[in-house]
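Chemist: Using the sequences and the accompanying hints, generate a full structural model.
One-letter residues, chain by chain:
2 protein chains.
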Amino acid sequence: MFHKNEYIARRKQLAGQFSSGILLFLGNEESPMNFLDNTYHFRQDSTFLYYFGIQDPGLAAIIDIDEDKVILFGNEMSMDAIVWMGRQKTLAAKADDAGITSVSPSSQLETYLKTAKGRKVHFLPPYRAESKIKLADLLDLKLNDLSAAVSVPFIKAVVAQRSVKSAVELAELDKASEVSADMHLIAMQIARPGMSENEIAAAVHQVALKSGGQLSYPIILTVQGHILHNHYHGNILKEGDLVLNDSGAETAMGYAGDLTRTFPAGKKFLPEQKDAYNIVLHAYQEAVKTLKPGVRYLDLHYKSCLSLAEGLKSLGLMKGNLEDAVAQGAHALFFQCGTGHMMGLDVHDMEDLGEQYVGYTHELKKNTTQFGLKSLRLGKALEEGYVLTVEPGLYFIPELIDQWKESNQFSEYINYDKVEAYRNFGGIRVEDDYVVTSDGFRKLGKDLAITVEEVEEVRAKAY
Amino acid sequence: MFHKNEYIARRKQLAGQFSSGILLFLGNEESPMNFLDNTYHFRQDSTFLYYFGIQDPGLAAIIDIDEDKVILFGNEMSMDAIVWMGRQKTLAAKADDAGITSVSPSSQLETYLKTAKGRKVHFLPPYRAESKIKLADLLDLKLNDLSAAVSVPFIKAVVAQRSVKSAVELAELDKASEVSADMHLIAMQIARPGMSENEIAAAVHQVALKSGGQLSYPIILTVQGHILHNHYHGNILKEGDLVLNDSGAETAMGYAGDLTRTFPAGKKFLPEQKDAYNIVLHAYQEAVKTLKPGVRYLDLHYKSCLSLAEGLKSLGLMKGNLEDAVAQGAHALFFQCGTGHMMGLDVHDMEDLGEQYVGYTHELKKNTTQFGLKSLRLGKALEEGYVLTVEPGLYFIPELIDQWKESNQFSEYINYDKVEAYRNFGGIRVEDDYVVTSDGFRKLGKDLAITVEEVEEVRAKAY
Chain A
52 MFHKNEYIAR RKQLAGQFSS GILLFLGNEE SPMNFLDNTY HFRQDSTFLY YFGIQDPGLA
112 AIIDIDEDKV ILFGNEMSMD AIVWMGRQKT LAAKADDAGI TSVSPSSQLE TYLKTAKGRK
172 VHFLPPYRAE SKIKLADLLD LKLNDLSAAV SVPFIKAVVA QRSVKSAVEL AELDKASEVS
232 ADMHLIAMQI ARPGMSENEI AAAVHQVALK SGGQLSYPII LTVQGHILHN HYHGNILKEG
292 DLVLNDSGAE TAMGYAGDLT RTFPAGKKFL PEQKDAYNIV LHAYQEAVKT LKPGVRYLDL
352 HYKSCLSLAE GLKSLGLMKG NLEDAVAQGA HALFFQCGTG HMMGLDVHDM EDLGEQYVGY
412 THELKKNTTQ FGLKSLRLGK ALEEGYVLTV EPGLYFIPEL IDQWKESNQF SEYINYDKVE
472 AYRNFGGIRV EDDYVVTSDG FRKLGKDLAI TVEEVEEVRA KAY
Chain B
52 MFHKNEYIAR RKQLAGQFSS GILLFLGNEE SPMNFLDNTY HFRQDSTFLY YFGIQDPGLA
112 AIIDIDEDKV ILFGNEMSMD AIVWMGRQKT LAAKADDAGI TSVSPSSQLE TYLKTAKGRK
172 VHFLPPYRAE SKIKLADLLD LKLNDLSAAV SVPFIKAVVA QRSVKSAVEL AELDKASEVS
232 ADMHLIAMQI ARPGMSENEI AAAVHQVALK SGGQLSYPII LTVQGHILHN HYHGNILKEG
292 DLVLNDSGAE TAMGYAGDLT RTFPAGKKFL PEQKDAYNIV LHAYQEAVKT LKPGVRYLDL
352 HYKSCLSLAE GLKSLGLMKG NLEDAVAQGA HALFFQCGTG HMMGLDVHDM EDLGEQYVGY
412 THELKKNTTQ FGLKSLRLGK ALEEGYVLTV EPGLYFIPEL IDQWKESNQF SEYINYDKVE
472 AYRNFGGIRV EDDYVVTSDG FRKLGKDLAI TVEEVEEVRA KAY
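Protein sequence lines, in the order shown, are assigned to chains A and B.
The first sequence: position 88 = 139 (the numbering used here), numbered continuously.
The second sequence: position 229 = 280 (the numbering used here), numbered continuously.
What the hints contain is simulated information worked out from the structure, not anything from laboratory work.
It does not matter which identical chain is used: a pair holds within one copy or between any two.
Subject to a maximum C-alpha distance of 27 Å in a straight line, what follows is the list of computed BS3-like cross-link-like pairs (lysine-lysine):
id	residue 1	residue 2
1	Lys140	Lys456
2	Lys193	Lys168
3	Lys193	Lys165
Since the model is a prediction, treat every value here as computed from it, not as a measurement.
Modeler: Have a look at this one:
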């Protein structure tokens with residue numbers, strides 16, 4: 052945990068945004084795998100973590116604006132629980148760590164809220180079914196009525212606050228990116244033709260666990276890099292394959308790293324792989340140097356798409372006026388997603404609170420219809436302290452190529468005949484994590500091989 | 052997956068237990084971690100896996116007894132889903148793998164059940180909140196009314212069938228135990244004073260992942276072995292510590308392994324550790340040789356408790372008539388849990404269906420009040436094909452010692468003065484997995500060092 056003053060200050064800043072009502076925070080429960088008591092590793096809700104820092108299941112808290120009170124709700128351990136789990140801190144001691152002086156048994160939360168009848172109870176959108184059931188019970192709402200009743204002012208206040216990372220948060224995010232870089236280095240070092248994706252993914256996962264943390268999201272480690280969220284690790288690496296590794300660590304305090312590298316299964320990139328790789332790398336570099344306060348991420352995204360399109364033109368895959376092509380989304384045959392997203396306590400920071408609030412504004416709405424743009428999670432102007440990813444890529448998806456070709460989609464911009472030669476090429480992505488500074492940007496974590504030469508050097512040394 | 056005939060035969064056997072009604076099976080959904088789309092690794096529901104074998108989220112199935120039909124409900128992939136997840140089999144192809152010829156969109160399940168109004172819809176106890184919400188919707192029940200409406204005949208039929216493992220299941224369970232043995236061997240080889248529990252747990256986890264599977268339950272790897280379900284891995288090993296490793300692999304098909312070893316952080320056990328270890332090992336051996344069809348596991352449990360009590364008497368910690376002591380539960384100060392449990396697709400097999408059905412009978416009810424006995428998951432007579440664990444231990448829990456001593460509990464059987472010397476001893480457990488054969492038992496998997504000499508030899512070789 053951070054020092055208690057950090058949590059006190061965060062809550063004070065939040066409370067300052069409200070003139071009345073109760074802010075309700077539900078911590079997460081254990082998440083059952085194949086029966087109630089066989090659970091996945093516990094992950095606290097990120098907003099609860101941000102304002103209270105306590106990493107135990109079964110907690111809730113309120114900030115009562117009218118009464119100027121903060122109360123932590125939870126239950127003390129029974130002797131049976133001590134036998135099974137070991138003695139832990141009392142609820143009061145846990146609360147004290149977070150600078151809270153009032154604690155109350157879990158059963159009192161319902162009473163508190165019922166007594167507050169008539170006053171507004173603000174709550175955030177639940178993403179776990181357990182929380183939905185609990186909220187519906189506490190607030191006497193039907194499950195189907197919950198989403199209409201979430202508090203938009205609460206969402207906006209939390210998003211505004213969590214979007215700008217403090218110095219202690221940046222130190223944690225640096226740590227997450229550092230461990231993530233180690234996860235990538237080991238993959239680049241050990242991968243060999245004949246090895247299974249599973250074996251490499253297991254080694255990558257081990258680095259995250261060894262650091263005392265977890266994964267910030269399921270590992271994508273695949274020789275089929277064009278399948279964007281591929282969690283299958285059953286393929287065997289072959290000479291000539293590209294290995295795409297998209298993986299990141301979550302620190303013990305819950306902060307995420309999110310890096311991607313693509314490297315040859317053999318010692319070196321093939322010539323056509325090198326060409327495509329350098330197109331992606333150039334788009335990445337173009338995007339990164341654009342980062343500074345005031346720049347809209349949407350414009351950075353266009354810049355990286357245009358750079359990709361220029362590269363694709365040099366390969367003969369695209370043609371015509373590329374600015375028009377990118378504006379209309381023709382490049383999305385090869386780059387179907389966004390250039391990046393906010394990151395913090397969540398790898399897609401605050402995605403539970405809604406992309407429209409985290410990545411866009413009232414004036415700049417998300418384009419939810421255009422293929423490609425509809426997957427861009429961040430569009431709005433950057434501010435100092437924002438942490439985000441930059442991750443352009445090129446993906447050759449046979450099913451999509453066939454679909455577009457059949458309907459002659461964007462044929463003024465795409466040379467479908469030339470595309471055929473790439474249909475089994477796979478995918479390439481590079482990705483790093485950045486914080487926006489007062490006059491530009493700083494890369495989080497530490498250096499990790501990214502140019503063709505650097506990647507091949509790591510491979511050569513390890514072989 | 053097994054061959055489709057395996058699933059066809061299993062469903063036929065189950066259907067044969069019912070004369071009318073509909074058997075409803077809900078597959079599991081993805082389980083969100085910190086936002087909806089950032090999920091834990093997918094784990095299919097074990098009963099769904101047993102009868103249908105399909106490892107994808109979002110599925111349901113019915114066996115309609117009256118109409119003699121099996122239908123798989125699910126949705127086909129959209130092009131968007133193909134872009135993100137890669138092309139997968141059609142629903143019809145997945146169904147065919149499981150020997151099912153009828154498929155239907157998910158939305159049709161509700162219609163099917165509503166049309167069946169008046170006929171009995173049998174369902175099993177849900178353990179995930181998503182399933183509870185879905186069941187309540189489908190069956191027009193309140194969430195709180197679900198548990199009273201579960202089908203006991205359905206539970207009993209599934210338990211009877213899943214309890215007896217077939218040859219193909221035993222092959223998978225052997226594989227799970229083999230990988231689990233490798234997980235334990237690496238821990239014994241790499242652990243050194245000065246190393247963190249995290250580092251060893253990460254290496255153990257890696258072995259499970261590298262095999263293409265997962266963990267069958269969260270790793271317990273601790274120098275505080277007396278905390279029974281300790282998932283904290285932050286301690287640093289010291290010379291003189293005992294390391295307790297309770298961990299197991301889940302195969303890609305979902306079958307569990309569950310092994311425990313306790314070994315010295317240094318090269319050798321201390322003399323008093325060796326003595327206590329041999330007491331546990333002897334109790335384990337006594338229990339194992341009792342295994343055969345017809346023997347009540349409750350009696351095996353008593354035998355292992357009595358053996359532990361005799362050992363504790365030899366150390367001077369217990370006294371008096373030990374059979375009486377064990378019958379009354381005095382030994383439970385040092386052994387607070389059960390000697391073992393059923394294992395299969397779940398590490399505690401079918402725990403979601405209810406311990407009273409899995410581990411006990413109408414005649415032999417579980418003792419739910421006596422400390423120790425109330426944690427024994429299996430009591431009933433064994434049958435050929437049952438797979439189970441044998442895992443006695445000794446645990447010195449300071450809080451429990453203080454509580455019992457203060458109230459003079461069982462002081463005719465316990466030498467509290469002598470116990471004091473052991474209050475910081477920690478805990479010891481050994482555990483292997485067995486199948487009950489026609490005339491006795493067979494250990495699953497492969498050999499793994501278990502005697503003091505064998506464990507010290509592994510340590511000596513690796514140092």
